[in-house]
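Q: For the protein sequence lines, the chains are A and B, in the order given.
Mapping of the first sequence onto my numbering: position 123 corresponds to residue 123, and the numbering continues sequentially without gaps.
Mapping of the second sequence onto my numbering: position 18 corresponds to residue 290, and the numbering continues sequentially without gaps.
Keep in mind that the hints were calculated from the coordinates and are not lab data.
Be careful, since some hints might not be right.
Claimed, not checked - Residues from chain B that keep clear of chain A, each with C-beta distances beyond 12 Å, as calculated: (1) 282; (2) 304; (3) 315; (4) 317; (5) 324; (6) 325; (7) 350; (8) 354; (9) 355; (10) 371; (11) 373; (12) 391; (13) 400; (14) 428.
What the hints assert, rightly or not - Label pairs and their in silico Cβ distance ranges: (15) A:58 to B:427: 31 to 39 Å; (16) A:187 to B:281: 33 to 41 Å; (17) A:7 to B:309: 23 to 31 Å; (18) B:408 to A:49: 53 to 61 Å; (19) B:311 to A:144: 35 to 43 Å; (20) B:285 to A:58: 17 to 25 Å; (21) B:427 to A:223: 53 to 61 Å; (22) B:390 to A:58: 26 to 34 Å; (23) A:226 to B:427: 54 to 62 Å; (24) A:88 to B:426: 21 to 29 Å; (25) A:22 to B:426: 52 to 60 Å; (26) A:7 to B:285: 44 to 52 Å.
Claimed, not checked - So the derived list for chain A, only partly shown, Cβ under 7 Å to chain B, looks like this: (27) 1; (28) 71; (29) 109; (30) 184; (31) 189; (32) 232; (33) 233; (34) 249; (35) 252.
Beta carbons are placed, not taken as given, at the ideal position from N, Cα and C, and that holds for glycine.
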Amino acid sequence: MIPAAFEYVRADSADAAIAALAEHGDDAKLLAGGMSLIPLMKLRLATPTVLVDLGRVTDLSYVRDGGDHVAIGALTRHRDLETSDLLATACPALRGVAAEVGDNQVRHRGTLGGSVAHGDPASDLPAVLLALDATLVARGSGGTRAIPAADFFHGFLETALAPDELLTEIQVPKAAGGWNYQKFNRRAQDWAIVGALAVRNGSTRVALVNMGATPVRARAVEAALAAGASAADAAAVAAEGTEAPADLNGSSEYREHLARVLVRRALEAAGL
Amino acid sequence: MQISITVNGVAQTHDVEPRTLLVQYLREASGLTGTKIGCDTSSCGACTVLFDGESVKSCTMFAAQADGGTVTTIEGLAPSSDEMHAVQQAFHEEHGLQCGFCTAGMVMAAAGFLAENPDPTEREVRLGLEGNLCRCTGYHNIVQAVLSAAKKLQGAR
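Based on the provided sequences and hints, a complete structural model is requested.
A: If you want it as structure tokens, here you go:
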């Protein structure tokens, strides 16, 4: 399958990428690792007329200690997250969930920023950013702004990013407590049919993958835990407030069942 | 657009359309048909090659993204024409293939994996090859072959 023809622009800096976006507007699409975009282009579900390749913007690939948070360049690959010594101590949940994305080949190319900016509710990593209240830094022709993870995901493949904005950094609060991610799929490499993440960082935070048009926090579970409920009792309300999709992999009801089971397992494995 | 890629140690320059996928480039411009197109949706791993030493699915990468880089395909893995790479040798000895369609991708994925994890457990090998499908379901011997290659490569160190 061959994508529709496009004009290829290679950006050698973040500024060059933003200038290209400003010039081409809605017709342009940013290419990071390409693990989500290229399959869509091959199916011609995405047909950008200008593709701005960020592959040479190497200064947006880093994992740095930012004091109370870890600062991660948007073009940092999953492979670099799953092997990061800093994340092993400062945010093991992010490191561990990165290792669950796709397969080795995908993790060698795919980036954190690309995954987040794509806005797919079945992606694994947005769950970590939501659960830990990460901050996403975007830069556009109008300047730089910080977007809380809770305000970033707007809908299926829709985010808060403006057409001329580039996601540059993701700031994830340090969280060294217990965590667990339950990813349910039929083949090892597949997207989650449902995923459930529990992270203990002071309070216990729970996020769900593929239980709506965006990744979501399981607020009812968190509230139940805060009120003293057991893991099993709290998990029973895991599907509250969700709008689980129905597709070939399962009905909404099946996903709601999975959410309850996976949240219980995640909470128990995280030490609750 | 003009791109230059070092493929199996040989510098090559070609004019390509930007939408040319790396696997097309390798098979059609470089004439290296050992790399297979299987699912064409980045699921099966038959198109796996090494890009700058790391395994990638060449059906889900534009040739333009590899410009200036180094690609190793199954044709370039063996050290010489009369000596196989340890992973190839192990697939031969352990009968790590049936129909052979997934083999080039499996061997490249395994070679890349062992470079990152030279002493893996069986479970790590299975996880390391999760991006490669064998429709003959001959996984057992493939995993044995990778474990055997790991031992050989360690012995050679």
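Q: Run every hint past the structure and note whether it holds.
A: Tested hints:
no., hint, in the structure
1, 282, "holds, 22 Å"
2, 304, "holds, 18 Å"
3, 315, "violated, 7 Å"
4, 317, "violated, 7 Å"
5, 324, "violated, 9 Å"
6, 325, "violated, 10 Å"
7, 350, "holds, 21 Å"
8, 354, "holds, 30 Å"
9, 355, "holds, 26 Å"
10, 371, "holds, 20 Å"
11, 373, "holds, 17 Å"
12, 391, "holds, 16 Å"
13, 400, "violated, 6 Å"
14, 428, "holds, 23 Å"
15, A:58 to B:427: 31 to 39 Å, "holds, 37 Å"
16, A:187 to B:281: 33 to 41 Å, "holds, 35 Å"
17, A:7 to B:309: 23 to 31 Å, "holds, 25 Å"
18, B:408 to A:49: 53 to 61 Å, "violated, 42 Å"
19, B:311 to A:144: 35 to 43 Å, "holds, 40 Å"
20, B:285 to A:58: 17 to 25 Å, "holds, 23 Å"
21, B:427 to A:223: 53 to 61 Å, "holds, 58 Å"
22, B:390 to A:58: 26 to 34 Å, "holds, 27 Å"
23, A:226 to B:427: 54 to 62 Å, "holds, 56 Å"
24, A:88 to B:426: 21 to 29 Å, "holds, 25 Å"
25, A:22 to B:426: 52 to 60 Å, "holds, 53 Å"
26, A:7 to B:285: 44 to 52 Å, "violated, 21 Å"
27, 1, "holds, 5 Å"
28, 71, "violated, 24 Å"
29, 109, "holds, 6 Å"
30, 184, "violated, 15 Å"
31, 189, "holds, 5 Å"
32, 232, "violated, 29 Å"
33, 233, "violated, 34 Å"
34, 249, "violated, 14 Å"
35, 252, "violated, 25 Å"
Hints 3, 4, 5, 6, 13, 18, 26, 28, 30, 32, 33, 34 and 35, counting from the list given before, are not met by this structure.
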